[in-house]
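S.K.: This is what each chain is made of:
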Amino acid sequence: MVHGILLARVPLVEVDDLVQDVFLRAFTRIRSLRDEASFGGWLASITRNRANDYHRSPREVPEALETDVEDARADSSQIEAEAILALIRSLPEAYRETLILRLVEGMTGPEIAARTGLTPGSVRVNLHRGMQQLRKKLGDREALRPQVDQQETG
Amino acid sequence: MKQDYLWDRSGEPDPEIEGLENVLGRFRHGAAAPEFPLVTPRPKLRFTRSRRFWQLAAMAATVALVFVLWTVLRRPQPGIAPLKGWDVARLAGTPRVGITLLGGAEQAGKLAVGQTLQTDGQSRASVSVDDVGEVQVEPNTRLRLLESAPSRKRLALDRGTIRASIWAPAGEFTVDTPSALAVDMGCAYTLHVDDSGAGLLRTTLGWVGFRLNGHESFIPAGAACATRPGIGPGTPYFEDAPEALRAALTALDFGPAGERSAELNLILKQARTRDALTLWHLLPRVEGSDRARVYDRLAALVPPPSQVSKDGVLRLDQTMLDLWWDKLGLGDISLWRHWERSWSQHQNGDNNRP
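Those sequence lines, one after another, are chains A and B.
If you read the first sequence in the numbering used here, its first letter stands for residue 1, the second for the next number, and so on.
If you read the second sequence in the numbering used here, its first letter stands for residue 1, the second for the next number, and so on.
Worth flagging that the hints you see were computed from the coordinates, not collected in a lab.
Watch out, some of these pointers could steer you wrong.
Derived coverage of chain A by chain B (criterion: at least 3 residues anywhere in the stretch with Cβ under 8 Å from a Cβ of chain B; other residues may be distant) [what the hints assert, rightly or not]:
id	segment
1	3–14
2	17–23
3	41–50
4	77–84
5	105–118
The beta-carbon is built from N, C-alpha and C at its ideal position, and this holds for glycine as well.
Please model the complete structure; the sequences and the hints are all you need to start from.
M.R.: Here you go:
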């Protein structure tokens, strides 16, 4: 769940380190958790706050990490996957988080609801509306492809 | 209820959603959850006191809050509390601790439990191991701090190279790699892990233990040992051993099973007295008549102590093997056995945690 929420908000190359950081924060604040039943929602909030902090602080990306990403891009299926991920990340926040937990992390709707503390109804609505918007974006992208190919070959 | 594949994977799979799951599944998180010490749960408060009690408590809390605010506001700000963790110093380039780059104004940082230290092709860093050692982190390395307790310090080397100089008691400092656990027995060593997870450990002082699933190797100063994912540590060898012996050892440890006997012949023929290190490790790694041949050659190079019999060694009697190891003069094996017991208790303790 933590990985998915971060993937919806921060660059791919930063996600693993931030996952570690979120668990570190959660560990140091665990005594502030009053109700064990709300652990999922509590952890989700820490994760979202960590992603917000990430965007607030200026940083630079190490050269080697950028190179790694470029190497990975040599694989065409990786390019396709990153393009679809980018489309999901362009959706409204509620939709992109739920869709990433469902399509990337492999969680079902009831699991997402149980772990994030959202109601099953909200998750269901987010999934279906998010999927509807993603389908539209994927369709738009497909429609643009022949024009781009034509321009490139012409 | 209507079946809905998007919601709970019920009913007929939607080909489009299934395709997206397949394409995007590569980004799924596959690493293990970080390990943290056990946290004692906060005892639940019981609200059985009288209303008067809570009124008094609220007043007392208000007074205490005013006092604290007054104290804090009238004193100079002490600044941000220092982060707990191991000191990290930049040696070159811009090593990264968590998401913080070291370089420019930030020349040093702290590596806390759960955090990652990463270097690129131009970066190097030095990590102070909680006052009991130092680890130099070479370029293109990814290192994580898993545990930092008074008697247990544990790193994970995912890839790259570290140079460790440790003066902690034997067994206190360990490094996880994708294919073996390196256990410091009072030493200095270099550990390298490549992108496939294969590793190479070279000891320069003291000795190091290498272990995976009960498969263990002891590497004294001047010796090296390779390790492979799914196999674990190979047989250690002195780095000045004949080239042919070293090549045969690699084939024996990690090559196809069919050619082991030929490789063993070559090793036995090439072995010098100093290579008793290698032959002792081969005893549990070969079987039947091959083990008897290793025994004979090792006994010719370093005669076993009087309490050690051939039958016992061929049965892999642990006490006899340990006695023979101690006679090689490469390290006190009782230290290792002590570490094994405490490690096993620690692991069982972890497994019993709720």
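S.K.: Indicate, hint by hint, whether the structure satisfies it.
M.R.: Going down the list of hints, with the structure as the test:
1. 3–14: It holds: at least three residues are needed, and the segment 3–14 of chain A offers 5 whose Cβ sits within less than 8 Å of chain B.
2. 17–23: Since 6 is at least three, the answer is holds.
3. 41–50: violated (count 0)
4. 77–84: Result for this restraint: holds, n = 5.
5. 105–118: It holds, with 5 qualifying residues against the three required.
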